[in-house]
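The opening residue of the sequence shown carries number 1 in the numbering used here; numbering runs sequentially from there.
The reader is advised that the hints may include incorrect statements.
What the hints assert, rightly or not - Calculated lysine-lysine pairs in the DSBU-like style (CA-CA distance at most 30 Å, straight line): (1) K61 <-> K73; (2) K91 <-> K81; (3) K73 <-> K91.
Hints are computed from structural coordinates only; laboratory data are not their basis. Small disclaimer: the values here were computed from a predicted structure and weren't measured.
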Amino acid sequence: MEFNDQLAELTLAYQQELRSISTRKERGISNAQMLQRELIEALNDVEACVTAGQTQIEEEKRRQLQLREQNAKLLRENVAKLQNDFCASIKEQYEREERALIEEERDYEIMELEAMAEQNQALTIATLQNAFPGKIAFQQLLQHMPDYRYIAESFPRPTNQQEALYCTGDQDDREVHILQIYRFFHDDLAAAFEASAMTTK
Numbered sequence: 001m002e003f004n005d006q007l008a009e010l011t012l013a014y015q016q017e018l019r020s021i022s023t024r025k026e027r028g029i030s031n032a033q034m035l036q037r038e039l040i041e042a043l044n045d046v047e048a049c050v051t052a053g054q055t056q057i058e059e060e061k062r063r064q065l066q067l068r069e070q071n072a073k074l075l076r077e078n079v080a081k082l083q084n085d086f087c088a089s090i091k092e093q094y095e096r097e098e099r100a101l102i103e104e105e106r107d108y109e110i111m112e113l114e115a116m117a118e119q120n121q122a123l124t125i126a127t128l129q130n131a132f133p134g135k136i137a138f139q140q141l142l143q144h145m146p147d148y149r150y151i152a153e154s155f156p157r158p159t160n161q162q163e164a165l166y167c168t169g170d171q172d173d174r175e176v177h178i179l180q181i182y183r184f185f186h187d188d189l190a191a192a193f194e195a196s197a198m199t200t201k
């Protein structure tokens, strides 16, 4: 009887232990499944985060490329504008210097022609005075003398309309430049004039 009771106790204890082991096993399986689900969710979150990061990186890359292209285009346009402005400035400076050089050469040429004309005029006057001593004489009229102004005003000057119509940039072709004016005296002509005046009276 006592043996049976002990056997029954051992059997009950064994069954309880089996149930406890089974319960712990089921709890372990449940915990493992829950951990597996959590791990899968975490991996999915990581994958979504990585995908979103890659998308953002690609978008930022495209934006940076577009911005770089815009900046490069703007830089090319600015460089081209600077080149055009620089070339235009150089061309303008060259044309200005060329005009100044032409004007300077023209001034030198005019000065040389004036000097030659004055020399020829002086030689002509000296030759005539030596050829006809006591018969002819020359008097230079200065610019402040009334006769000089009267003679100078007798040369036609271009009007403003003619100035605009025929302006070619070279005033020597349109105006008369007076270098010197001389009054000429001749004894025979003076005597004839006096005789004519006396006859008229």
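Against the structure, the hints:
1. K61 <-> K73: Given pair K61, K73 holds - Cα atoms ~18 Å apart, limit 30 Å.
2. K91 <-> K81: 15 Å, holds
3. K73 <-> K91: 27 Å, holds
Violated hints for the displayed structure: none, as all numbered hints are satisfied.
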